[in-house]
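Protein sequence lines correspond, in order, to chains D and L. Our numbering applies: residue 18 is where the first sequence begins, and numbers increase by one. Our numbering applies: residue 229 is where the second sequence begins, and numbers increase by one.
Derived from the structure by calculation, the hints contain no laboratory data. Any given hint could be a false lead.
[Stated by the list, open to error] Chain D side only, calculated, beta carbon under 8 Å to chain L, not exhaustive:
(1) Gly43
(2) Glu50
(3) Glu55
(4) His68
(5) Pro76
(6) Glu80
(7) Ala83
(8) Ile89
(9) Pro236
(10) Pro240
(11) Arg244
(12) Ile287
(13) Gly318
(14) Leu320
(15) Trp322
(16) Pro323
For glycine and all other residues, C-beta sits at the position ideal for the given N, C-alpha and C.
As a plain string of letters, each chain reads:
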Amino acid sequence: MSIRLATRVGALELANPVLAASGTFGYGLDLVEFCPPELLGAIVSKGLSPHPRPGNATPRIVETAAGMINAIGLQNIGVDAFCTGPLGELMRRGARVVANVFGENPDAYLEVIARCEREPGVSGYELNVSCPNVTAGGMEFGHDPRQLVSLTRRCREATARPLWVKLSPNAPDLIGTARAAVDGGADGLTLINTVRAMAIDAVRRRPVLARGFGGLSGPAIKPIALRMVFEVHRALPKTPLVGIGGIETGRDAAEFLLAGASAVEVGTAIFRDPGAPLRIVGELAAFCEREGIADVTELIGGLQWP
Amino acid sequence: MIARRDLAVRVDRIEPLSPTCFRLLLSCAEPVEAQPGQFGMLACGGGLDPLLRRAFSIGSIRAAATGTVIELMIKEVGQGSAALRRIAPGTLTRLLAPLGTGFTLESGDTPLVLVAGGIGLPPILFAAEELARRGTRFDLVVGAANSAELIEITRCTAAVAAVGGEFVLCTDDGSRGEGGFVTAALGRRLDAGRRWARLLACGPDPMLKALVRLARAHGLAAELSLEEPMACGVGVCLGCVVELADGRMVSTCTHGPVFDAAALAARWSQ
Numbered sequence: 018m019s020i021r022l023a024t025r026v027g028a029l030e031l032a033n034p035v036l037a038a039s040g041t042f043g044y045g046l047d048l049v050e051f052c053p054p055e056l057l058g059a060i061v062s063k064g065l066s067p068h069p070r071p072g073n074a075t076p077r078i079v080e081t082a083a084g085m086i087n088a089i090g091l092q093n094i095g096v097d098a099f100c101t102g103p104l105g106e107l108m109r110r111g112a113r114v115v116a117n118v119f120g121e122n123p124d125a126y127l128e129v130i131a132r133c134e135r136e137p138g139v140s141g142y143e144l145n146v147s148c149p150n151v152t153a154g155g156m157e158f159g160h161d162p163r164q165l166v167s168l169t170r171r172c173r174e175a176t177a178r179p180l181w182v183k184l185s186p187n188a189p190d191l192i193g194t195a196r197a198a199v200d201g202g203a204d205g206l207t208l209i210n211t212v213r214a215m216a217i218d219a220v221r222r223r224p225v226l227a228r229g230f231g232g233l234s235g236p237a238i239k240p241i242a243l244r245m246v247f248e249v250h251r252a253l254p255k256t257p258l259v260g261i262g263g264i265e266t267g268r269d270a271a272e273f274l275l276a277g278a279s280a281v282e283v284g285t286a287i288f289r290d291p292g293a294p295l296r297i298v299g300e301l302a303a304f305c306e307r308e309g310i311a312d313v314t315e316l317i318g319g320l321q322w323p
Numbered sequence: 229m230i231a232r233r234d235l236a237v238r239v240d241r242i243e244p245l246s247p248t249c250f251r252l253l254l255s256c257a258e259p260v261e262a263q264p265g266q267f268g269m270l271a272c273g274g275g276l277d278p279l280l281r282r283a284f285s286i287g288s289i290r291a292a293a294t295g296t297v298i299e300l301m302i303k304e305v306g307q308g309s310a311a312l313r314r315i316a317p318g319t320l321t322r323l324l325a326p327l328g329t330g331f332t333l334e335s336g337d338t339p340l341v342l343v344a345g346g347i348g349l350p351p352i353l354f355a356a357e358e359l360a361r362r363g364t365r366f367d368l369v370v371g372a373a374n375s376a377e378l379i380e381i382t383r384c385t386a387a388v389a390a391v392g393g394e395f396v397l398c399t400d401d402g403s404r405g406e407g408g409f410v411t412a413a414l415g416r417r418l419d420a421g422r423r424w425a426r427l428l429a430c431g432p433d434p435m436l437k438a439l440v441r442l443a444r445a446h447g448l449a450a451e452l453s454l455e456e457p458m459a460c461g462v463g464v465c466l467g468c469v470v471e472l473a474d475g476r477m478v479s480t481c482t483h484g485p486v487f488d489a490a491a492l493a494a495r496w497s498q
């Protein structure tokens, strides 16, 4: 049986529902020998800011039970270096590229979008309003529905391309922030970003990470992510969702589609298997075949609630 | 550059090397090559805990009738290395290798000096055996906390003897060889007028920093193999960054682990 894997997130058509998540796949070309970016639904770039950022002090990462905590701090080469560098090769390969956008203030988000608007190789945007590891920007927009609706609206006015907002699991009101993003004009929502967390060295009596706090990712957060995708899907059934959080296998991806996601992003799994996104595409197809599902979109929102 | 691959490997043998260190011999069906200083990311088991692979410098690599045998020397320091110590011979796992940069082994008329501290030995031993094979002159300084933690002394001795170099053993507690740190042993020789083309070193950060200060004071070029917490080993997690003298933050896994000491930020000589 040939399985149809194509899906769409709003207006953005994807060859399959598996994307490489921001911050785990470099700028799309770092792992080509393990995972050619053109074979994925899309790649989401490392968070791009108007200018290069050095990121936080080290240690920035620590492994925890079935997960890891990071506080990278959005180290990146800046939007211009991305557009004049890797983007050309990504286009030549036929990879679909979603630019993850970050700014310390609303104008900075707009600056990144304006630069990308000049590039036909950027298919859409994912606004990062949920990074727990920076002092300015990031989570401050994602936690306050009033600020979020205003930021999303300004970004919406700056582009006709698909616009997603990546939501924080740390926001006090998940549905409220989801609605704010949609009210501001978002075409889709990505959820979830990392869960604010910490690790402690009991002997040194100090946090392990230089910043103290970081964001937890990996299989440890999958149940939280599934619940949040499901809740947002139930509250906003017409809004396309991109599910992310601890996806390691094709079956994990199927669970997110059932919860209501139209596509998924694979992140931390890439760190232990650089070919993980491509492997998951194959596993998802095999899952569909085993379950007699001809079209992967049949799974979307197909959860039977008790 | 040798292409990195995610190799299917079989654990052939596990052997104790010291109270805290052990050797893992891995075989894979494919031909694989690596340079001294390069490393691999080894999956510690099939489960989710520990989640991440562990980075290990390659101790040796050789072609065998069945493909390639890769030697790792590992110190048990945490969950991943503890899981590997218990791994059953015959277990199939994966090794991403070869990764990162190697040491510069070329030398003019002046010999090289190699310095290893503790479990920093594997890449230095790999370099020593390669230099011996090439007939390149070098001296070797190996240190450990005590005599029980000195590993692979026979191989070190043989490699140095093959090119007529000096082999200096040091223990912090003086239980074998010269008492005190490797830096003191190297410093005494530098003060006595010994000269080398380059210092190649691997070991704990304080040792490396002391070596950089010493090398700088004597105008000796140095390459260091650094160890940083690392999730991916292939340049995408940005967890293992170090700061360079020009201010750039670069990943240890792709720009290193072997760095020219002169390229590192000032904190490496303070």
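Hint check results:
Interface hint status for D/Gly43: upheld, as the beta-carbon distance to the closest one in chain L is roughly 4 Å, under 8 Å. About 7 Å separates the beta-carbon of D/Glu50 from the nearest beta-carbon of chain L, less than 8 Å, and the hint is met. With its C-beta approaching chain L no nearer than about 18 Å, D/Glu55 sits outside the 8 Å limit, and its interface hint is violated. For D/His68, the suggested interface contact is broken, since its CB lies about 14 Å from the closest CB of chain L, more than 8 Å.
Checking D/Pro76 against chain L: minimum C-beta separation of about 5 Å stays under 8 Å; hint holds. Because the beta carbon of D/Glu80 sits about 5 Å from the nearest beta carbon in chain L, less than 8 Å, this interface hint is met. Evaluation of the D/Ala83 hint against chain L yields a held restraint, the C-beta minimum of about 4 Å falling below 8 Å. Evaluation of the D/Ile89 hint against chain L yields a held restraint, the C-beta minimum of about 5 Å falling below 8 Å.
A distance limit of 8 Å between C-beta atoms decides the matter here; for D/Pro236 the minimum to chain L is near 5 Å, and the interface restraint holds. Given hint, D/Pro240 at the interface with chain L, is violated; its Cβ is 13 Å from that chain's nearest Cβ, farther than 8 Å. The beta carbon of D/Arg244 is not positioned within 8 Å of any beta carbon in chain L (closest approach about 19 Å), and the interface hint is therefore violated. Checking D/Ile287 against chain L by beta carbon gives a least distance of about 7 Å; that is within 8 Å, so the hint holds.
The closest approach between the C-beta of D/Gly318 and any C-beta of chain L is roughly 27 Å, which is over the 8 Å cut-off, so the hint fails. Interface restraint check: D/Leu320 against chain L, minimum CB-CB distance 23 Å, threshold 8 Å, status violated. Using the Cβ-Cβ criterion of 8 Å, the hint placing D/Trp322 at the interface with chain L is not satisfied: the shortest such distance is roughly 27 Å. Interface restraint check for D/Pro323: the shortest CB-CB distance to chain L comes to about 27 Å, outside 8 Å, so the restraint is violated.
In terms of the numbered hints stated before, the structure departs from hints 3, 4, 10, 11, 13, 14, 15, 16, listed from lowest to highest.
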